[in-house]
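Asker: Each chain, written out:
4 protein chains.
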Amino acid sequence: MDNCKIRMAMVGGGEGAFIGAVHRIAARLDGQIELVAGAFSSDPQKSITMGKQLGLAPTRCYDDYHMLLQSEAALPESERIHFVAIVTPNHLYFPIAAKAIEYGFHVLSDKPATLNLSEALQLQTLLQQTNCLYGLTHTYTGYPMVKEARHRIATGELGNIRKVVVEYSQGWLASEDDEQSKQASWRLDASQSGISCCMGDIGVHAANLAEYVSGLTITSLCADLNTVVCGRQLDDDGTVLLRFDNGAKGVLLASQIALGEENNLTLKIYGDKASIEWSQMEPNSLWLRMKDAPAQLLRTGAGTLCHAATNATRVPAGHPEGYLEAFANIYLNFAMLIQARQQQPDVQPEDFDVPSIQAAVRGMAFIENAVAASAKETKWHPFNIG
Amino acid sequence: MDNCKIRMAMVGGGEGAFIGAVHRIAARLDGQIELVAGAFSSDPQKSITMGKQLGLAPTRCYDDYHMLLQSEAALPESERIHFVAIVTPNHLYFPIAAKAIEYGFHVLSDKPATLNLSEALQLQTLLQQTNCLYGLTHTYTGYPMVKEARHRIATGELGNIRKVVVEYSQGWLASEDDEQSKQASWRLDASQSGISCCMGDIGVHAANLAEYVSGLTITSLCADLNTVVCGRQLDDDGTVLLRFDNGAKGVLLASQIALGEENNLTLKIYGDKASIEWSQMEPNSLWLRMKDAPAQLLRTGAGTLCHAATNATRVPAGHPEGYLEAFANIYLNFAMLIQARQQQPDVQPEDFDVPSIQAAVRGMAFIENAVAASAKETKWHPFNIG
Amino acid sequence: MDNCKIRMAMVGGGEGAFIGAVHRIAARLDGQIELVAGAFSSDPQKSITMGKQLGLAPTRCYDDYHMLLQSEAALPESERIHFVAIVTPNHLYFPIAAKAIEYGFHVLSDKPATLNLSEALQLQTLLQQTNCLYGLTHTYTGYPMVKEARHRIATGELGNIRKVVVEYSQGWLASEDDEQSKQASWRLDASQSGISCCMGDIGVHAANLAEYVSGLTITSLCADLNTVVCGRQLDDDGTVLLRFDNGAKGVLLASQIALGEENNLTLKIYGDKASIEWSQMEPNSLWLRMKDAPAQLLRTGAGTLCHAATNATRVPAGHPEGYLEAFANIYLNFAMLIQARQQQPDVQPEDFDVPSIQAAVRGMAFIENAVAASAKETKWHPFNIG
Amino acid sequence: MDNCKIRMAMVGGGEGAFIGAVHRIAARLDGQIELVAGAFSSDPQKSITMGKQLGLAPTRCYDDYHMLLQSEAALPESERIHFVAIVTPNHLYFPIAAKAIEYGFHVLSDKPATLNLSEALQLQTLLQQTNCLYGLTHTYTGYPMVKEARHRIATGELGNIRKVVVEYSQGWLASEDDEQSKQASWRLDASQSGISCCMGDIGVHAANLAEYVSGLTITSLCADLNTVVCGRQLDDDGTVLLRFDNGAKGVLLASQIALGEENNLTLKIYGDKASIEWSQMEPNSLWLRMKDAPAQLLRTGAGTLCHAATNATRVPAGHPEGYLEAFANIYLNFAMLIQARQQQPDVQPEDFDVPSIQAAVRGMAFIENAVAASAKETKWHPFNIG
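Protein chains in written order, with full-length UniProt numbering: chain E, 1 to 386; chain H, 1 to 386; chain L, 1 to 386; chain S, 1 to 386.
I should point out that these hints are in silico values taken from the structure, not numbers from a laboratory.
Hints should not be assumed to be uniformly reliable.
No distinction is drawn between identical chains; accordingly, a pair holds when it is met within one copy or between any pair of copies.
Unchecked claim - Computed list of lysine-lysine pairs in DSS-like fashion (alpha-carbon distance at most 27 angstroms, straight line):
#1 K182 to K291
#2 K182 to K273
#3 K273 to K376
#4 K5 to K99
#5 K182 to K46
#6 K291 to K52
#7 K99 to K52
#8 K5 to K376
#9 K273 to K99
#10 K291 to K5
Using the sequences and the hints given, assemble the complete structure.
Answerer: See below:
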């Protein structure tokens, strides 16, 4: 019927999963992607129920991801999926992604990319051996004003970057009671979540955002991770001091016990000519403050923004866009990347502003370096990858 | 394939039309509606090109709305559309809606409902003679915090309502140059737009929002409409003083020449126990100010909201939702209304919080009363319908 | 001891009077003015007690303003007061000011200038016959960013002014209970307050601010004043539509029953090149929005402001100044005016940015015109003075 | 003439000194303090000129602080000063304060208290041997909403405090050019400023605010101080990780090179029941966020605040107070403390909410500990005093 749409399968995202529903909305929003298959739950019955609810053909509601990959691979090219979106708990990302790649499918994965850095490096190696594309949903890079901030820095408007402050504060794990939810229980369980809760869940977003917008690379760090609520295995709060490759200083604050905070991700970058400030909860605004001039409030949909920001905007200024649109921008870019790849075999995720396996590896390295550095008595540690 | 989805056709919304694209995103977002047919342009070739772009079956990309309605009506019930979304300039709303109803299709129309009040009343009469459902996309009623504000007032938390101030300021028609755009040119042309530009395009939203949230009915008004930019046929600015059925006072400010304003729709309602303030450009927040207590900032996604607000929210607090989600809430409610109607023949738009033909008639009456009152030398005029 | 300081007497401002204490702080703040005499209360004993509390010489704590004026006039020039500050209820402004002028003292009066327009015109006539200076404490003109806004408009940066929206909302008279306070009781009593409560107390500030910043003159108006809380003699709420001398449109909203509002005075002025927005509750910021450029946030103490704004600022950017500093700016300017007058007999209040008898007359005319227009069935009325 | 007023002398605060003028306004504002003597500059001629400008008696404009103290001590008790305010560069605080105490005068000093910790400890010892009172102008503790935050925490409303984040960002030293000003040049000179610029000038405010509001005591720290602009002797930026006596974690960010920031001092404290957020640039607001309830915006002048906050407020809600009023609160409290001491010999600065020698010592210890810790390779260091 419509051959143009990019076909996708979802693994994970069953009943009650927050992020699965978000991915589905993001995939739908621009009408370029069709969800045609899924293995939504480790319980086959639940998976099938969810597939039906979503209006999938019953033959494409699978018991598990193995069946999904095997069966889809067996379909004619004009029917079978182009890519698999993975929205499970962390420990399943790698096995599913590796298997999908083995079958030749592209992969769009939620973050953090894998359970640990070693898996991320293996995934990188696997990807180098195939033509499969890999994208990571670092949602916050999908916001137009984040892209604008990156552009302003890349073009030198801020001058030499001197300091990066990124804060990601949430309060949803402030109490023991908060651990009952489906979201909380696996994130606080090392076997599903990896060696970090707070840094793995949100610190990794903050680190990625800092590098994405500044264009800089973290080279060393000093970390102080905390388990504030008694009885938890993993960190629920932490601060990481950073050094970037150009000598800039950084501070990354992350917390899940900051009672009263919703999803307060704020980025401030100071150069020697200007500075920017962006806050996720008011995402359509970007402060630009230049030396000896009034502060400017750049706004989504207003006329003077860069190509990437303009492309990532759907409605005129003053009609707020939000989290789902930012998420959809990553999906849309990934779909356009897949289409472009059909013509140009060397096109890369970066060309379509899709967070890539490099970002995935750096994210896992950030988590492991932060946890390791926090355990040490010495202050500064090089940022190691593998 | 999937029989559950509600099938829709679109009339209007071709290349370059802002609101058509918005309607399509809104329809897609929750995966309950499928766009299967369309007559997107008065130019048949453009209509077909757009339909292809959207991935429609070629047989369902129609030359014009007559063909669309006729052909869809001829399809088996399991294939044919459930409803028509109308997103043309104002003068076409009535003929298309009337014809769609004649063919037995439900209608979801952009606002203002018709070219004039007389047409709206005719449409109301037509609807009374059929089982067709009619909805109007008064977008701003789709925001969760607007629903919350309405709920707080309905349950008496504000006490007796004394004053309503609603401001809708835009700057996009501040200059003569701004008239070149497709959006501007038809809105400033009485033959396509009706007797008002500013009140017809945005004043009507403000009036509807004031009545929707307050639960009150405008009973008289004093109007001062202005044509600020020389050479225009229609008003581009205006203020309307209001009286409501309970004796409350109101002020409605609307402007399209408020240079620097984006889409600043702000509502303040003062009761004798508390007041609320909501602003469309920060839609996830609602101020509630009670006598002798600190102001409270109610937030989308935070736990204590009413059923309607909670249902209209897709992501947790701090993950901003915006204009497209508000629009999607109207589409989703309309789709649920159609489904419910299949079981319960007496279910009405109000039951699913969908702006109805009553709102449509009141909106057209507001425009006509405001224009008429503005032309008079006496101050106050009763709010007449028909 | 110190001959340089300007010596002042206060009439009114006894125990429990809000505005008297404010005037005294404003007078003190810059160290250029010395309060040396007073008749603080209609009760002589209370007057003397207050004078002692304030550290005045007992001989200069007077029983009433007659004694004050007579006795001060009898003192040698090097000791006697330069000016009288009047902070009584409205009905006493005129008799005190007239008598002070008769004795040759300058007068700095709280607003509104008199009980009615006729008195203001008489005061104007009296002033023309003397060398006495007269200033009116329209506090809000004392804010640096208000001066900056005025400057930007005067220099043409906003282009032709098209629309002025000024809102002054308070909630402190929202309930019957609120009438018990000293502040409330006289303001709601026509014999002390004049023919209007809301327009006389705060509407007059809003009208003055609109004219002061825009540089325009109100030429006609349409008024809708309301008495919202039952049983009051005077208005406690109202809206006035305005026309200015250049054809610009205006809307003035004032309310004392806007429950939850503190002292929300907000001014928006739209030109054909740019617009400004200022809000008294965040007084150190001024929004400047130009066509096709990002909005600029001008800030008190930041380097690029006009002379008048810079002079009215005491501390660097980011160290907030507020209401008392704005008030002190009027006092300081009045003191400098008095000093300048000693050298230059033709120097006028306007030269030192002090609200003058002209503003006083226009303010009283605004109140009377608004009350009269509100009572009429016709919409528009010329703005008459005398 | 007026025997009730507290008489003060000022040392420092000559032409062009920012903070001297601030102290004088603060002293004047409430009319309880009279500036009667001064040694305003190291240049006797400049000192006398300034004294005249301020209207002092010529006999009390002194060449230097030695003469001031000696001469004032020789005056009869009813004329001589009660206290000395010290507003010189840092290196002069100790010698002046020590000498003033020797002569039996109370001292109100700007911060940081001394050039180094050793001097602060000596000062503490000196004070223990006399009846002189000592106060330190940690301005930000003078804000009503800071006092309210402290009160809410002290009464347990936030529960157990878990995390304190305090940020103090300025941009005024972002460029080499910025070093030319009088303010900058001595602050960047170790001989006048001590071992730290950024931590000594603003970090010390942040640390004091964190301890004052939380009621906690810093027990260990990890510091990363930076000299961002080339060629400077001292730090102009830094981050300090904190541990408090109850186990709470803290992060203190301070910067003078954060281009675009004005005077952004923001404090967030998270407990297990609620959190607060206060920002100096909007000082009349305090956010209180409780578990499972809407956020509350507490406001200066609104009815439900603690005694200390109410006392520190001069005007009703919505009439903004700012930096000068906060400063004046410290002066007023110090004046009341002096008066109280005349009756009650054991009354202490803390009883009047005046920052004391204990705060002074802790402030100097903070600076020294932060500088020392920053130079170390190990991460955590105990907070040592002496």
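Asker: Each hint: holds or not?
Answerer: Hint-by-hint comparison with the structure:
1. K182 to K291: between (48 angstroms within a copy, 20 angstroms between copies)
2. K182 to K273: between (46 angstroms within a copy, 23 angstroms between copies)
3. K273 to K376: neither (37 angstroms within a copy, 32 angstroms between copies)
4. K5 to K99: within (24 angstroms within a copy, 33 angstroms between copies)
5. K182 to K46: For K182 and K46, the Cα distance is within 27 angstroms only inside one copy (15 angstroms; across copies 49 angstroms).
6. K291 to K52: neither (58 angstroms within a copy, 38 angstroms between copies)
7. K99 to K52: Answer is within: at 25 angstroms inside a copy they meet the 27 angstroms cutoff, but 35 angstroms across does not.
8. K5 to K376: Classified as neither: same-chain Cα gap 51 angstroms, cross-chain 57 angstroms, threshold 27 angstroms.
9. K273 to K99: neither (48 angstroms within a copy, 46 angstroms between copies)
10. K291 to K5: Neither: 48 angstroms inside a copy, 40 angstroms across copies.
The structure is inconsistent with the numbered hints 3, 6, 8, 9, 10, although it conforms to all the rest.
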